[in-house]
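Visitor: Given these sequences and hints, build the entire structure.
Chains as they are written, first to last, in the numbering used here: chain A, 1 to 159; chain B, 160 to 251; chain C, 252 to 864.
No wet-lab data here; the hints were simulated from the structure. Please note: incorrect hints may appear among the correct ones.
Stated by the list, open to error - With a straight-line Cα cutoff of 20 Å, these simulated DMTMM-like cross-link-like pairs (lysine to aspartate or glutamate) come out:
{"no.": "1", "chain 1": "C", "residue 1": "K719", "chain 2": "B", "residue 2": "D224"}
{"no.": "2", "chain 1": "B", "residue 1": "K178", "chain 2": "C", "residue 2": "E516"}
{"no.": "3", "chain 1": "A", "residue 1": "K12", "chain 2": "C", "residue 2": "D532"}
{"no.": "4", "chain 1": "C", "residue 1": "K714", "chain 2": "B", "residue 2": "D233"}
{"no.": "5", "chain 1": "C", "residue 1": "K714", "chain 2": "B", "residue 2": "D214"}
{"no.": "6", "chain 1": "C", "residue 1": "K520", "chain 2": "B", "residue 2": "E166"}
{"no.": "7", "chain 1": "C", "residue 1": "K483", "chain 2": "B", "residue 2": "E217"}
{"no.": "8", "chain 1": "C", "residue 1": "K752", "chain 2": "B", "residue 2": "E217"}
{"no.": "9", "chain 1": "C", "residue 1": "K817", "chain 2": "B", "residue 2": "D224"}
{"no.": "10", "chain 1": "A", "residue 1": "K27", "chain 2": "C", "residue 2": "D464"}
{"no.": "11", "chain 1": "C", "residue 1": "K849", "chain 2": "C", "residue 2": "D825"}
{"no.": "12", "chain 1": "C", "residue 1": "K556", "chain 2": "A", "residue 2": "E44"}
{"no.": "13", "chain 1": "B", "residue 1": "K178", "chain 2": "C", "residue 2": "E519"}
{"no.": "14", "chain 1": "C", "residue 1": "K480", "chain 2": "A", "residue 2": "D11"}
{"no.": "15", "chain 1": "C", "residue 1": "K480", "chain 2": "A", "residue 2": "D84"}
{"no.": "16", "chain 1": "C", "residue 1": "K480", "chain 2": "B", "residue 2": "E211"}
{"no.": "17", "chain 1": "C", "residue 1": "K520", "chain 2": "B", "residue 2": "E179"}
{"no.": "18", "chain 1": "C", "residue 1": "K480", "chain 2": "B", "residue 2": "E217"}
{"no.": "19", "chain 1": "B", "residue 1": "K240", "chain 2": "C", "residue 2": "D716"}
{"no.": "20", "chain 1": "C", "residue 1": "K752", "chain 2": "B", "residue 2": "D224"}
Computed from a predicted model, the values in this text were never measured in an experiment.
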Amino acid sequence: MKHQYIVCDPDKCAGCSQCELICSVTKAGVFDSARSRIRTVRIEPVVMMSIACRLCEDAPCVIACPRKALTQDPQTGVIRLDSDLCDGCAWCIEACDFGAINLNPQSKKVEICDLCADKDKPQCVLICQKEALSFSTPEQVARQARKEVVSQLLKELLE
Amino acid sequence: MKKLQIELFGSARRLAQAKEVNIEVGDTATFREVIVALVQKFPAFVGHVITETGDLIEPYFFNVDARRVVRNLDEIPEEGKPLLLLFVDAGG
Amino acid sequence: MYSFFGKILHIDVTNRKSWVQSVTEEHLRKYVGGVSLATRLVYDNTPKGVEPLGPDNALCFAASAFAGTLVPVGTKHAVAAKSPLTNCIGDCLASSYFSQAFRRAGYDGIVIKGAADKLTYIFIDDDVVTFHNAEHLRGMPTFETEEAIRAELGDEAVRVATIGLAGENLVRIANITNDRGRQAGRTGLGAVMGSKKIKAIAVRGTKPITVADPAALTAKCLALSQLAKGPKTEKYRIMGTPANVLNLNRLGGLPTRNFQSGTFEAAEKVSGEYMLEHHVDKAVSCAGCPIACEHITSVREGDYKGARTSIDYESLFAVGPNCGIDYFPGVIKAIETCDAHGLDTISSGVTVSWAMECYQRGILTKEDFGGLEPTWGNHAAIVRLIEMMAKREGIGDLLAEGTKRAAKKVGNGSEHFAMNVKGLECSGYDLRAFQTYALGAAVGTRGPCHNRSLAYEPDAQGKVDRLKAGPERGAIAKECEEFAALFDMTMLCKFIRGCFKEPWSEITELYTLTTGFNMTGDDMKAAAERCWNLKKAFNIREGWTRADDWLPERCLTDPLPEGAAKGVFVKPADLNMMIDAYYVARGWTAEGLIPTMKLIELGLEDIAKDVGV
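Guide: Next comes the structure, spelled out in structure tokens:
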């Protein structure tokens with residue numbers, strides 16, 4: 001069973017990228033999308049979605065790192081970086097199919113979503129006014145989709 | 160009792176699924192009672208067009224005969240004059 | 252300095268040079284940002300009597316302190332120059348990622364002067380400015396141009412402001428487009444950019460934005476963002492501004508068939524409600540916006556299948572009811588065509604409708620239109636005429652000049668219904684049905700603009716009798732203008748205005764938390780008054796007189812024929828009375844000139860020397 005991670009519903013995402021800014025100000029104290037661990041993708045005019053680390057099982061980034069700088073927390077699934085070991089080679093960035101890892105342009109160490117470890121809840125989920133972002137497990141995502149489709153198909157019965 | 164015809168615009172129209180509505184209120188009823196009657200007919204108005212405390216949510220207003228905006232909800236509407244529930248926007 | 256960088260980038264496109272001018276905190280506090288800062292840049296960087304389409308006109312961009320921060324709906328920028336349409340200050344607002352990008356390149360403003368020898372695009376890459384051949388982009392539609400430049404520079408993160416064919420052809424109603432669907436739309440700034448042979452300005456900005464109090468600002472922004480998804484902004488989220496069609500139609504103020512009427516019998520078929528039911532794909536946001544008012548609409552079948560664009564009320568009215576169009580796919584196609592070629596939809600629609608009335612009255616014939624028959628409702632003809640304007644082809648060459656110049660040329664009574672003030676085409680509120688706005692439209696520094704004036708609000712909300720004039724409107728119009736300026740200087744989208752209880756102090760507080768400039772609501776009010784006087788001073792310098800503050804003849808003689816405002820028009824004596832009252836409220840002379848003392852009081856001593864009386 002997978003862990004809770006940041007899920008984005010592309011039907012609801014309006015592409016405002018406020019998630020990027022609250023992440024960067026929370027983590028780095030400045031507004032700089034290059035310091036955000038969640039990134040918005042806009043394929044104009046209507047395809048929009050934000051992506052953050054999906055806490056893969058047997059995470060490819062962990063396997064890829066030549067210096068074993070990345071480890072995965074067995075309880076939460078969060079990817080952790082030992083910044084002393086990281087040398088900015090970016091092999092993990094290439095290993096990640098989702099583009100969820102980014103390189104800090106100043107320190108040249110990688111940055112990955114840690115579900116706002118030092119806050120009580122992920123800040124991006126808090127700021128998203130479209131409720132596109134949620135902090136869910138895959139099971140919760142599937143359950144919600146089932147509920148929505150059933151409600152839609154059988155809406156006459158619900159009235 | 161007096162009968163009032165109210166044309167609906169914007170969210171009011173969308174939530175009522177009707178372009179206009181006829182309601183009946185007491186002879187001395189003010190626009191506050193009109194709001195109560197609307198909420199009874201369309202509970203969905205609350206939170207979108209009408210507040211929980213029975214006021215209109217900005218930017219909605221009542222307009223009499225498309226010529227005069229009702230500035231005070233304690234005013235008494237007259238039978239026979241069409242009422243509008245609408246708003247006007249900054250054009251984009 | 253927080254948020255701002257204290258730097259203005261100057262670009263000389265003739266000699267392919269650039270340099271950076273430092274600006275002080277004092278200067279930024281005074282002008283706050285946005286429209287005010289942009290106007291100051293134009294004033295300072297152009298000589299008196301500057302030719303709008305000449306190399307000495309300055310195309311100026313100015314930033315918002317909020318752009319690229321968490322402040323919701325604050326990611327906007329201003330663009331200004333002397334307008335080739337009005338010969339007055341042409342100031343525009345645009346938004347989204349481009350607004351963030353040039354800030355993050357490290358600039359609070361950009362001033363572009365000169366003229367290249369061939370079509371060029373400029374690339375601002377943080378501190379490095381380079382000039383690139385753009386001949387291969389000639390004629391390219393706006394969004395394709397953005398994508399082509401991103402591909403050429405090899406970076407999806409590059410943001411682009413571009414002109415289309417219309418700007419290249421110096422069409423006087425051409426706009427500047429960025430981020431696909433955002434425009435610095437009015438007053439012909441696209442033609443200014445085209446006259447400098449600049450096809451596009453590409454920016455890559457990597458500098459972080461710092462703010463004075465990140466924790467307090469973040470908390471305020473979270474609260475404001477939550478309010479911004481509440482009922483006060485519902486009208487924008489559900490169907491966007493097209494909700495205005497049925498409202499204005501019912502109030503008798505929906506411009507129909509070139510403002511011949513204020514009621515359109517087919518309004519339901521071109522309403523926001525119809526759009527929502529049949530054509531809306533999704534509502535999307537500008538960068539930094541929790542509201543998402545931009546409704547992307549498309550045509551799913553029939554003649555114009557595949558046409559797709561975002562629709563706002565103003566674009567809708569201009570090519571819809573104003574042209575007698577009752578076919579929504581035709582509206583979408585017309586707007587898409589304007590967007591692709593970089594044409595202001597309002598001016599395009601109102602210029603085409605002028606031409607259509609000329610055809611109706613036999614002033615222009617089928618031959619003049621090259622065989623086209625632009626009858627009311629003929630959407631194919633409208634789309635064709637828009638293309639012809641962008642290309643300056645056939646009668647398009649005349650229409651490309653805007654209604655004022657076109658009507659002057661054609662004469663034969665067509666000036667009576669050339670719906671413009673100072674040369675800028677009227678926007679989507681019939682002035683006769685909203686008489687405080689009629690005043691605001693007459694005196695507005697860039698022309699008849701609902702957005703700069705906001706005076707239609709007291710009319711529509713019934714604070715005054717909208718169908719009558721009155722002397723109290725002078726003070727009211729001034730107050731509305733300054734409220735608008737609050738948003739235009741700090742660069743907050745006006746769609747959030749319903750979410751503040753005390754807008755002056757609340758917005759000033761946001762500005763202070765961002766910039767660290769300790770400003771009060773009163774400081775901001777003074778800056779708003781300064782902004783309006785600055786814009787007026789520019790116009791005076793460039794030859795404005797009281798005669799320019801007037802209304803189209805139609806508004807002064809033709810009563811509305813039907814609807815809720817039937818029988819109403821603006822009496823010239825009433826208009827004069829209201830203008831007198833407005834000048835008094837502004838502290839100006841009876842001729843609308845600015846006393847030296849007033850300019851000095853506002854901290855505009857140097858300007859006092861130029862235009863003070």
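Visitor: Within 20 Å, alpha carbon to alpha carbon, are K178 (chain B) and E516 (chain C)?
Guide: 16 Å, holds
Visitor: Quick one, are K714 (chain C) and D233 (chain B) close enough, alpha carbons at most 20 Å?
Guide: 16 Å, holds
Visitor: When you check the alpha-carbon spacing of K480 (chain C) and E211 (chain B), does it fall within 20 Å?
Guide: Within the cut-off at roughly 18 Å; holds.
Visitor: Are the Cα atoms of K480 (chain C) and D11 (chain A) separated by 20 Å or less?
Guide: Holds, because 17 Å separates the two Cα atoms, which is no more than 20 Å.
Visitor: Holds or violated: are the alpha carbons of K719 (chain C) and D224 (chain B) at most 20 Å from each other?
Guide: 16 Å, holds
Visitor: Please verify whether K752 (chain C) and E217 (chain B) have alpha carbons no more than 20 Å apart.
Guide: 12 Å, holds
Visitor: Quick one, are K752 (chain C) and D224 (chain B) close enough, alpha carbons at most 20 Å?
Guide: Not satisfied, since the Cα-Cα distance of roughly 30 Å exceeds 20 Å.
Visitor: Tell me if the straight-line CA distance from K817 (chain C) to D224 (chain B) falls inside 20 Å.
Guide: Holds, at about 12 Å.
Visitor: Within 20 Å, alpha carbon to alpha carbon, are K714 (chain C) and D214 (chain B)?
Guide: With a Cα-Cα distance of about 18 Å, the restraint between K714 (chain C) and D214 (chain B) holds, given a limit of 20 Å.
Visitor: Take a quick look at whether K849 (chain C) and D825 (chain C) sit within 20 Å of each other, Cα to Cα.
Guide: 27 Å, violated
Visitor: When you check the alpha-carbon spacing of K480 (chain C) and D84 (chain A), does it fall within 20 Å?
Guide: 43 Å, violated
Visitor: Mind checking the alpha carbons of K480 (chain C) and E217 (chain B) for me, to see if they're no more than 20 Å apart?
Guide: Holds, because 14 Å separates the two Cα atoms, which is no more than 20 Å.
Checked against the numbered hints given earlier, the structure breaks hints 11, 15 and 20 and satisfies all the rest.
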